[in-house]
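Chemist: Each chain, written out:
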Amino acid sequence: TQLLEQSPQFLSIQEGENLTVYCNSSSVFSSLQWYRQEPGEGPVLLVTVVTGGEVKKLKRLTFQFGDARKDSSLHITAAQPGDTGLYLCAVSGGSNYKLTFGKGTLLTVNP
Amino acid sequence: EAGVAQSPRYKIIEKRQSVAFWCNPISGHATLYWYQQILGQGPKLLIQFQNNGVVDDSQLPKDRFSAERLKGVDSTLKIQPAKLEDSAVYLCASSLLPYEQYFGPGTRLTVT
Numbered sequence: 008t009q010l011l012e013q014s015p016q017f018l019s020i021q022e023g024e025n026l027t028v029y030c031n032s033s034s035v036f037s038s039l040q041w042y043r044q045e046p047g048e049g050p051v052l053l054v055t056v057v058t059g060g061e062v063k064k065l066k067r068l069t070f071q072f073g074d075a076r077k078d079s080s081l082h083i084t085a086a087q088p089g090d091t092g093l094y095l096c097a098v099s100g101g102s103n104y105k106l107t108f109g110k111g112t113l114l115t116v117n118p
Numbered sequence: 005e006a007g008v009a010q011s012p013r014y015k016i017i018e019k020r021q022s023v024a025f026w027c028n029p030i031s032g033h034a035t036l037y038w039y040q041q042i043l044g045q046g047p048k049l050l051i052q053f054q055n056n057g058v059v060d061d062s063q064l065p066k067d068r069f070s071a072e073r074l075k076g077v078d079s080t081l082k083i084q085p086a087k088l089e090d091s092a093v094y095l096c097a098s099s100l101l102p103y104e105q106y107f108g109p110g111t112r113l114t115v116t
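As you go down the protein sequences, you meet chains A and B in turn. Each residue of the first sequence is one higher than the one before, counting from 8 in this note's numbering. Each residue of the second sequence is one higher than the one before, counting from 5 in this note's numbering.
Calculated from the structure, these hints are not laboratory results. Among the hints, erroneous ones may be present.
Stated by the list, open to error - For lysine-lysine, the following DSS-like pairs were computed, each having C-alpha atoms within a straight-line distance of at most 30 Å: (1) K105/A to K75/B; (2) K110/A to K82/B; (3) K75/B to K48/B; (4) K19/B to K66/B; (5) K15/B to K66/B; (6) K105/A to K63/A; (7) K105/A to K64/A; (8) K87/B to K19/B; (9) K87/B to K110/A; (10) K110/A to K15/B; (11) K48/B to K66/B; (12) K110/A to K48/B; (13) K48/B to K15/B; (14) K63/A to K48/B; (15) K77/A to K66/A; (16) K77/A to K63/A; (17) K19/B to K48/B; (18) K15/B to K87/B; (19) K110/A to K64/A; (20) K105/A to K77/A; (21) K105/A to K15/B; (22) K19/B to K82/B; (23) K64/A to K48/B; (24) K66/B to K110/A; (25) K110/A to K19/B; (26) K66/A to K105/A; (27) K75/B to K15/B; (28) K110/A to K77/A; (29) K77/A to K48/B; (30) K63/A to K110/A; (31) K105/A to K48/B; (32) K66/B to K66/A; (33) K77/A to K64/A; (34) K82/B to K64/A; (35) K48/B to K87/B; (36) K105/A to K66/B; (37) K82/B to K15/B.
These figures come from a predicted structure and were not determined experimentally.
Isolated chain B (complex conformation) (with noise of 0.2 Å):
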């Protein structure tokens, strides 16, 4: 079975530019998560789906920060415009489960 997938692996950006990272969750998973994770952190929960709709974004930053997940499968994150402080690894997980999240490898981010 596939696991969860994530693109770019990494990305590099000047601050103030915007950036995109794309999910594709394990099949026939309805909730997708994800985390942001600063260097020495544990993950931090950005926002959860189940199916297409949102279940909890209360620790996204909406200012900068958007999510979808069209279709109720593949998901995008969005940060525009990146800050300094946006440096992280950021992780997708999926879930048919509620105790059970698979995470993919994650995006590492670096915003100079």
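In isolation and in its complexed conformation, chain A is listed as follows (with noise of 0.2 Å):
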């Protein structure tokens, strides 16, 4: 069983679309990373979120947590060629903040 359920796997879209993946859990989490991993190269953090129901943008990019802390969204307004990549959602655990990973939403997007 994941720990962290991502929706959808796959999603291919035409540029200037806007998108919402989503990270899901039934535990519950102090606090919940994204991350962006395009070809050929490692993740890279996009933000951390630690409130429930908190909201963090980042250019195109709106992450919010869920009020329980169980889960995590992430949109993208009109999306570009340069957004393309897998979107880890991932969080941490025990006395050494061991990462767990889903299995990522690979996202394409067609100019």
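Dock the two chains into a complex; use the hints.
Modeler: Dropping the structure here:
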């Protein structure tokens, strides 16, 4: 059983469209992170959300942490080809802050 | 500031052969991680070092995988002997703060 369920698994859209991807769990987390991984590269941290109901914006990206701190969403406005990549959510646990990742959403933005 | 460096970037070996990967973390980062990312999956932590000591190796297949971080800086991850299911991208990450991990570009391993 996956700790974090991400949906959709694949998403292909046209430039300029809006999209939302989701990260869900039955567990409660103290914080949650979103990463973007471009082809041939390692994941890059986009944001950390820590408060239930929190909304953070990063240019055209809007991240929300659920009120119960069990789920999160990432909304991209007016997607661009440069947004193409694998979007991963991750949570940390234990005294060593071990990161556990979801399987990711593979986003393709076509010009 | 230089990022996490990894080499080689690509490696193709036959099953039962041995392979080693190298990682140079960001200068000053005490914590170093090795992850395995199988195609279609998120990264899975294999081993975590704090300086040159192992903090977590609970998911490292110790019968075939080994890792070391001599002098608390560079690290190597070895697989001996490799199996087909070891085909994956091996990512190295380092951190100064536990919530901020910086990843290298990874080594793509293909076992035939």
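Chemist: It remains to establish, for every hint, whether it holds in the given structure.
Modeler: Hint check:
Of the pairs offered as hints, the one joining K105/A and K75/B holds, with about 23 Å between alpha carbons and a cut-off of 30 Å not exceeded. Taking the CA atoms of K110/A and K82/B, the gap is about 25 Å. The hint holds against a cut of 30 Å. Proximity of K75/B to K48/B is assessed by CA-CA distance (about 25 Å); at most 30 Å being required, the pair is judged to hold. A threshold of 30 Å between alpha carbons decides the hint, and for K19/B with K66/B the separation of about 17 Å falls inside it, so the pair holds.
Between K15/B and K66/B the CA atoms are separated by roughly 21 Å; this keeps the pair inside 30 Å, and the hint holds. The straight-line distance between the Cα atoms of K105/A and K63/A is roughly 23 Å, inside the 30 Å bound, and the hint therefore holds. The hinted pair formed by K105/A and K64/A meets the criterion: a straight-line CA distance of about 26 Å does not exceed 30 Å. Proposed proximity of K87/B and K19/B is supported: the alpha carbons are some 5 Å apart, at most 30 Å.
Proposed proximity of K87/B and K110/A is supported: the alpha carbons are some 23 Å apart, at most 30 Å. The straight-line distance between the Cα atoms of K110/A and K15/B is roughly 24 Å, inside the 30 Å bound, and the hint therefore holds. Of the pairs offered as hints, the one joining K48/B and K66/B holds, with about 15 Å between alpha carbons and a cut-off of 30 Å not exceeded. Pair hint K110/A plus K48/B holds up; C-alpha atoms about 10 Å apart against a cutoff of 30 Å.
Taken as a hint, the K48/B and K15/B pair is honoured in the structure, with Cα atoms around 20 Å apart against an allowance of 30 Å. Between K63/A and K48/B, the direct Cα distance comes to roughly 26 Å. Compliance with the 30 Å bound is thereby established for this hinted pair. Proposed proximity of K77/A and K66/A is supported: the alpha carbons are some 25 Å apart, at most 30 Å. A hinted pair counts as satisfied when its Cα atoms are at most 30 Å apart, and K77/A with K63/A qualifies at roughly 17 Å.
Between the alpha carbons of K19/B and K48/B the distance comes to roughly 22 Å, so the proposed pair stays at or under 30 Å and holds. Distance hint between K15/B and K87/B is fulfilled; the C-alpha atoms sit about 14 Å from each other, no more than 30 Å. Straight-line distance between C-alpha atoms of K110/A and K64/A comes to about 23 Å, which keeps the hinted pair within the 30 Å bound. Restraint check: the Cα-Cα separation between K105/A and K77/A comes to about 18 Å, which is no more than 30 Å; the hinted pair holds.
As the CA atoms of K105/A and K15/B are separated by approximately 27 Å, the hinted pair is consistent with the 30 Å bound. Distance check on the hinted pair: K19/B and K82/B sit about 14 Å apart at the alpha-carbon level, within 30 Å; holds. Of the pairs offered as hints, the one joining K64/A and K48/B holds, with about 28 Å between alpha carbons and a cut-off of 30 Å not exceeded. For the suggested pair K66/B and K110/A, the alpha carbons sit about 24 Å apart, so the restraint of at most 30 Å is met.
For the proposed pair K110/A and K19/B, the alpha carbon gap of about 26 Å is at most 30 Å, so the pair holds. Straight-line distance between C-alpha atoms of K66/A and K105/A comes to about 29 Å, which keeps the hinted pair within the 30 Å bound. Simply put, K75/B and K15/B have alpha-carbon atoms about 26 Å apart, close enough for the 30 Å limit, and the pair holds. Distance check on the hinted pair: K110/A and K77/A sit about 17 Å apart at the alpha-carbon level, within 30 Å; holds.
This hinted pair checks out: K77/A and K48/B have alpha carbons roughly 21 Å apart, not beyond 30 Å. This hinted pair checks out: K63/A and K110/A have alpha carbons roughly 22 Å apart, not beyond 30 Å. Proximity of K105/A to K48/B is assessed by CA-CA distance (about 10 Å); at most 30 Å being required, the pair is judged to hold. Our distance criterion of 30 Å between C-alpha atoms is broken by K66/B and K66/A, whose separation comes to about 44 Å.
Annotation: proposed proximity of K77/A to K64/A holds, straight-line Cα distance about 20 Å (limit 30 Å). Of the supplied pair hints, the one linking K82/B and K64/A is violated, its CA atoms being roughly 41 Å apart against a limit of 30 Å. Restraint check for K48/B and K87/B: the C-alpha separation of about 18 Å stays at or below 30 Å, so the hint holds. Between K105/A and K66/B, the direct Cα distance comes to roughly 19 Å. Compliance with the 30 Å bound is thereby established for this hinted pair.
Between K82/B and K15/B the CA atoms are separated by roughly 13 Å; this keeps the pair inside 30 Å, and the hint holds.
The earlier numbered hints that this structure contradicts are 32 and 34.
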